[in-house]
Amino acid sequence: MKILYFAWMREHTGCSTEEIRLPENVANISELAAYLRGRSAGHEAALRNLKTVRVAINRKYANLESPITDSDEIAFFPPVTGG
Amino acid sequence: MQKILISEADFDIEAEYAALKKTGVGAVVMFAGIVRDTAKDPQLVAMTLEHYPGMTEQEIDNIIKQAEARWPLQGVRVIHRVGRLLPAENIVFVGTASAHRAAAFESAAFIMDYLKTNAPFWKKEESKTGSVWVDARQADETALKKWQ
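From first to last, the protein sequence lines are chains A and F.
Position 72 of the first sequence, counted from 1, bears residue number 72 in this note's numbering, the numbering being contiguous throughout.
Position 24 of the second sequence, counted from 1, bears residue number 24 in this note's numbering, the numbering being contiguous throughout.
Watch out, some of these pointers could steer you wrong.
[Stated by the list, open to error] Taking lysine-lysine and the BS3-like style, the derived pairs with C-alpha atoms no more than 27 Å apart in a straight line are:
| hint | chain 1 | residue 1 | chain 2 | residue 2 |
| --- | --- | --- | --- | --- |
| 1 | F | 146 | A | 51 |
| 2 | A | 60 | F | 65 |
| 3 | A | 51 | F | 145 |
| 4 | F | 124 | A | 2 |
| 5 | F | 123 | A | 2 |
| 6 | A | 51 | A | 2 |
| 7 | A | 60 | F | 123 |
| 8 | A | 60 | F | 3 |
| 9 | F | 145 | A | 60 |
| 10 | F | 128 | F | 40 |
| 11 | A | 60 | F | 146 |
| 12 | F | 21 | A | 51 |
| 13 | A | 51 | F | 40 |
| 14 | A | 60 | F | 124 |
[Unchecked claim] Between beta-carbon pairs, the in silico distance windows are:
| hint | chain 1 | residue 1 | chain 2 | residue 2 | range |
| --- | --- | --- | --- | --- | --- |
| 15 | A | 14 | F | 72 | 48 to 56 Å |
| 16 | F | 3 | A | 24 | 41 to 49 Å |
| 17 | F | 61 | A | 2 | 38 to 46 Å |
| 18 | A | 70 | F | 86 | 40 to 48 Å |
| 19 | A | 15 | F | 83 | 41 to 49 Å |
| 20 | F | 66 | A | 48 | 27 to 35 Å |
| 21 | A | 70 | F | 54 | 16 to 24 Å |
| 22 | F | 14 | A | 35 | 31 to 39 Å |
| 23 | F | 41 | A | 69 | 43 to 51 Å |
| 24 | A | 24 | F | 12 | 51 to 59 Å |
| 25 | A | 24 | F | 72 | 51 to 59 Å |
For the record, the hints were derived by calculation from the structure and aren't laboratory data.
Source: prediction; values computed, not measured.
From the three backbone atoms N, C-alpha and C, an ideal C-beta is built for every residue, glycine too.
Use the sequences and the hints to build the structure in full.
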C-alpha cells in the first residue's frame, strides 16, 4: 500500500510517500498509525498525536476507525490551511 | 460551466470575469485571496503552498456540487495557486455567476469557507526569522456553522 505525508508530517517522516505491505494484524487507520510509528523517530514524532491529524483513504476523508486494505492509498496530514 | 485549476502560475482576473460573464446571467461575484503585503507584516518573506494532487480537485468539485445544489448557479470557477508566493501575490480565486445576486454572493462565500476547511492545501510562512507551518484557525471551522 501507498502511504503519503504532507506539510510538517512529511518533514518529520523525511518522505512524502512510502510503499509498505499491510501487516496482517493491522485493520484500520489507528492500528496503521501505531505500526508506522515504529518505523523511525520521525514517524513517531509525526504520528504521536493523532487528534491533530487528518487522514484520507483513496483521496477521501476517513477517520481513525476506518478499515483499510493493502491496495489503499492512505494519506496523513495536518488540518488544512489553504485559501 | 465550471472550472477547477490548481496552478503555480498566476491567474488573469479579467479572463475569469469574461468567462463568467459569457454565461449571460445578471450577477457575477468574484473573490481573490492575496498574500498579505510586507507593509502589514514587515517580517514576511514568502508563503509556500503545498497540496494533495488529485484529492484537492476532488474536494473542490464536491464543494462546488454542494453549492450548485443550494443555489441556482450558471458558472463557478475556482483557481488555487501552489508553490512559493511572494507578498501581495494572488493565492486563490473564486468566481460565481447566477441570475440572482444573493445566490452569487452566498455561493462564493460558501465555496471559500469550505475550501479553507476541506481542500487539502497547507501554507508554510517564510519570515526573516525562519519558516513555520501555518496553524489551522478555529475561526475557519466556526465559519462553516452558518451553512449548516
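Each hint tested on the structure:
no.	hint	in the structure
1	146(F) with 51(A)	holds, 25 Å
2	60(A) with 65(F)	holds, 16 Å
3	51(A) with 145(F)	holds, 21 Å
4	124(F) with 2(A)	holds, 25 Å
5	123(F) with 2(A)	holds, 24 Å
6	51(A) with 2(A)	holds, 22 Å
7	60(A) with 123(F)	holds, 21 Å
8	60(A) with 3(F)	holds, 21 Å
9	145(F) with 60(A)	holds, 22 Å
10	128(F) with 40(F)	holds, 14 Å
11	60(A) with 146(F)	holds, 24 Å
12	21(F) with 51(A)	violated, 44 Å
13	51(A) with 40(F)	violated, 33 Å
14	60(A) with 124(F)	holds, 23 Å
15	14(A) with 72(F): 48 to 56 Å	holds, 49 Å
16	3(F) with 24(A): 41 to 49 Å	holds, 45 Å
17	61(F) with 2(A): 38 to 46 Å	violated, 22 Å
18	70(A) with 86(F): 40 to 48 Å	holds, 43 Å
19	15(A) with 83(F): 41 to 49 Å	violated, 20 Å
20	66(F) with 48(A): 27 to 35 Å	holds, 34 Å
21	70(A) with 54(F): 16 to 24 Å	holds, 20 Å
22	14(F) with 35(A): 31 to 39 Å	violated, 52 Å
23	41(F) with 69(A): 43 to 51 Å	holds, 46 Å
24	24(A) with 12(F): 51 to 59 Å	holds, 54 Å
25	24(A) with 72(F): 51 to 59 Å	holds, 52 Å
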